[in-house]
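Turn these sequences into a full structure, and let the hints guide you.
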Amino acid sequence: MPSYEETYLRHADAYDELVRHEDHEGNVRAFLSRAIPEPVARVVELGCGTGRVTGMLLGRARAIHAYDASAHMIDFARAALPDPSVVFGVADNALLPEADGQADVTVAGWSIGHVTGFFPDAWEAHARAALEEMRRVTRPGGRLVVLETLGTCVETAGPPNERLCAYYTLLEEVYGFGREVLSTDYAFPSAERAAVVMGAFFGDAMAARVGARGAARVPEFTGAWTSRR
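Position one of the sequence shown corresponds to residue 1 (the numbering used here), numbered consecutively onward.
Accuracy of the hints is not assured; some may be wrong.
As the list claims (entries may be wrong) - For each label pair, taking beta carbons as the anchor points, the in silico distance ranges come out as:
1) VAL181 <-> ARG213: 40 to 50 Å
2) ALA212 <-> ALA63: 43 to 53 Å
3) GLY203 <-> ALA99: 33 to 43 Å
4) SER183 <-> PRO97: 48 to 58 Å
5) PRO140 <-> PRO189: 18 to 28 Å
6) HIS24 <-> PHE118: 24 to 34 Å
7) PRO140 <-> VAL196: 43 to 53 Å
8) GLU132 <-> GLY211: 35 to 45 Å
If you're looking for bench data, these hints aren't it; they were derived computationally from the structure.
Ideal placement from N, C-alpha and C gives every residue a C-beta, glycine not left out.
Shown next, in the form of structure tokens:
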């Protein structure tokens, strides 16, 4: 079973199949429309992956600069979204090739939270570095947006583990983000396909949980955090 790192480095197509079925009601797109009610000059996106959120940002900015640490993901996103308003690039969340204060809005979708798994003993320093980088590239008065998981294949929203809980507390109590909870359920063609696709990314335990439900729809919750620079 590929790890998250392996998926991001080599399996963009499998990841894209997963996220294409996520949020079938379009609640993330609706949230972004509320968060960016009028078109802005520039959005900077961290951890863009295969470009799903990037596509939702089209029309909300004259220019979108979208970054991911994986060149494999960036190659996929660039091919999938050949829009002249979007510039894709390879960059770490904590080291963006952007000048200070250039973004009206900075977005990090399901990206920073991974440091709690990648660096279990040093996650806070990595999370702070990414959040400070978001602040650095955002103009005074601009908006910061962070999307993270509040549980997959669960019936109640909440942090999936203690480290993510601590990270969300950091967002709210140290960096002043406010939280909105979104329903982002997956909808697959069949229960069987749901178990296969979700297991490929989340692992065997998730495949078993999804399979036990026997449903093509898999419940999920997402936290949408926003703050002003």
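Now the hints, each set against the structure:
1. VAL181 <-> ARG213: 40 to 50 Å: For VAL181 and ARG213 the Cβ distance comes to about 21 Å; the hint is violated.
2. ALA212 <-> ALA63: 43 to 53 Å: At roughly 46 Å between Cβ atoms, ALA63 and ALA212 fall inside 43 to 53 Å, so the hint holds.
3. GLY203 <-> ALA99: 33 to 43 Å: The hint (33 to 43 Å, Cβ to Cβ) holds, given that GLY203 and ALA99 are roughly 40 Å apart.
4. SER183 <-> PRO97: 48 to 58 Å: violated (35 Å)
5. PRO140 <-> PRO189: 18 to 28 Å: Since PRO140 and PRO189 have Cβ atoms about 47 Å apart, the given range 18 to 28 Å is violated.
6. HIS24 <-> PHE118: 24 to 34 Å: holds (29 Å)
7. PRO140 <-> VAL196: 43 to 53 Å: Hint holds: Cβ distance 47 Å, inside 43 to 53 Å.
8. GLU132 <-> GLY211: 35 to 45 Å: holds (42 Å)
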